[in-house]
Amino acid sequence: MEIFKAEHVDKKYGTFTALSDVSLSVQEGCIYGLLGPNGAGKTSLIRIINQIFAPDNGDLYYKGRKMVPDDVLDIGYMPEERGLYKKMKVGEQALYLARLKGLSRADALKCLKYWFEKFEIQGWWDKKVEDLSKGMAQKVQFIITVLHNPSFLIFDEPFSGFDPINATLLRDEILELRDKGATIIFSTHNMSSVEELCDNITLINKSKCILEGDVYEIKKRFKSDVYEVSFNGELEKVKGALASRFDILEHKVVKDVNIVRVKMLQKSKDNELLSLVMPHVHVTSFNEIYPSMNDIFINVVEESNQNQL
Amino acid sequence: MSVLGPIIIAGFFALMFYMATSQDTGLKKIAVVDSTGIFIKRIPDTKYLHFIYLNVKVDALKKTLNKTDYYGILYISPIIAYSSGGVQFYSYQQPSLNVTQYISNAIEKEIRNQKLLAYKIENIDSILKSVETKIEIETVKLTEAGEEKKSSTGLAMAVAYIGSLLIYMFILLFGVQVMRGVIEEKTSRIVEVIISSVKPFQLMMGKVFGVALTAMTQFTIWIVLSMLFITLIKAAFMPDLAPVNMANQPQNLMEVSKSMPQIQPQTPQINPELANAFSMVDSINFYVMIGSFLFYFIAGYLLYASLFAAVGAAVDNEADTQQFVFPITLPLIIGIMVMIGAFQNPGSSIAFWFSMIPLTSPIVMMARIPFGVPYHEVIISMALLVITFVAAIWLAGKIYRTGILMYGNKASFKELIKWLKYKN
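Sequence lines, in order, name chains A and B.
The letter at position 175 of the first sequence is residue 221 when you use the working numbering, and the numbering goes up by one with no holes.
The letter at position 206 of the second sequence is residue 636 when you use the working numbering, and the numbering goes up by one with no holes.
Just so you know, the hints here were simulated from the structure itself, not pulled from any lab data.
Please note: incorrect hints may appear among the correct ones.
Claimed, not checked - Straight-line distance between alpha carbons at most 20 Å, and here's what the computed PhoX-like set of lysine-lysine pairs gives:
(1) B:LYS848 to A:LYS58
(2) A:LYS173 to A:LYS133
(3) A:LYS58 to B:LYS844
(4) A:LYS58 to B:LYS851
(5) A:LYS112 to B:LYS629
Said to hold, decoys possible - Derived Cβ-Cβ restraints for the label pairs, each shown as a range:
(6) A:ASN345 to B:LEU825: 44 to 54 Å
(7) A:ASP177 to B:LEU643: 21 to 31 Å
(8) A:GLU274 to B:GLY636: 57 to 67 Å
(9) A:GLY60 to B:LEU724: 34 to 44 Å
(10) A:GLN73 to B:THR650: 49 to 59 Å
These numbers come from a predicted model, not from an experiment.
Every residue gets a Cβ at the ideal spot worked out from N, C-alpha and C, and that includes glycine.
Sequences and hints are given; from them, build the entire structure.
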């Protein structure tokens, strides 16, 4: 079941088009990546989901019905431009923000206790935010985002500004929340985190949605019949055997093992490559190479930019 | 600050009390060298000033002044009237204005009396007594219904002046505080976290009302604590304040009458302005006064606070606020200037128009109301103000909504107008 759906969303700021005809659908319980270059419209879309802006056109659905203002109480949002009241104490600030999300005081205290214990930061309750280190403030920020137990979480560039320890912590927490049934959207430039975390993605460029789907499916769609073969034996023999139907892209030797990357020139079966090589050398591994999300991102965005020119 | 403020205010009063009391408490003996002989025992003593009449040469006395316990020497030369230097006062310290004025008044009065006596008029005492008058102009306001109302222009002016100033100060102080609050939320980047829970408009209005309520609380604390401290200080510094005045005056007068039996003293009077004040309170319709004060106070604050909120949203830091704050404070300052003028001439067309223009009306109309303003003018002015503050809140809401999420670019007026056109 889909938890959130946007259909044909348009958004303009004056004459500037931030989003044009963007549709996306987020399945419940998945981690959804929102990708795109700077200024593509990701944050606009996220703000529309959070009902900070209304779209000029288009419809939003939440849990199968039209989205209503109170749906924000079920959403946890960590903006890219984030911060806390500097002069306010950690505990009372968290309590205040949780109550803004509709929690009763007692519930908010209970949830806060859980998270403060989980992160082992009980001692920070009476500290002022300005006295916290950046890393500490990031933890508090995360707790505030997830405190009210939202079923839909939106992180805008969650890893930007986080040190590696906190970034790992954040990643683990995101996965844990997903396992507990929450749905997560996050926007990022960090492609390795996309590969690691995301089930589905949407790629937005210049206000338009240019790629959407399951991460694995997308990789499969963009694969270019490149294989990597590792073997013990003579390189020349392999070259000879593959010459007519494969193009050797790359060769390297790692600890006596030859590794070659070859591209299939005509459509044929994977096994053919193996059967051509096997008589000559001892094959230790054989993989099809899928393009990285990084490569896909760059290729697709460049292609779409060229199409627009 | 909420406790420190009253302490500072009370401290200020304490200093004033201290200065006022310390100045008068020391007994000053003044040697009078009267070369005319007219003024011997004619300058009445007060509690703090004792006049001792000496028959010595002034030059000799001047040389030995530091060896005596006289505060100063009053020298009256043979030709005193209309010439400067006729009366001289020698002392090591600069005498206070009170002292010199007291002496010159006494001498003037004595000379006048002497001159009158020279005419040898019969029953001079009773004539002088009957001539002595004090005029208070009682102003009576006619209403269209034909009623007569006693009014006190002085009291009305004071109330109006304080009311106008309060509105001005409140708007300026707490409007700026609203702006600071918005800038703080923007620079600390918490604003987007909050508007994912509440609408930007709610946040803005929350800020406007929140600051107003905080301000009211602060005001109340200040007023209560200040009164408390001032009462305490009064009690500590001048326990004999009331007795001094009462005991002093009759005693003084008795001495005067003793020394000048031919001149009847003024009947002791409480300041008539003050005495009348209590009976006048009803005459300025205080319900109208307070009602309109509250209205202009609240509506004016809402109008300006929303504008200040919009400015806070449009900039990234306080340094950039100048260009926007100036056009907002300008009408306030103009309002104050027109308000002061309106006291001279409450019916003038300038006072009229500025009490209609919503940006200045909260200040200027307050100054006109005590002098009587036709109801329809007040209603039009209030209606215009309501329309304007609703419009201002609406406009500010639009600027605010866009502005709080704009970082890094310095907004211009052109840009603000562009923001107004954004849909939601």
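Review point. What are the numbers of the hints that this structure violates, sorted from low to high?
Key: none
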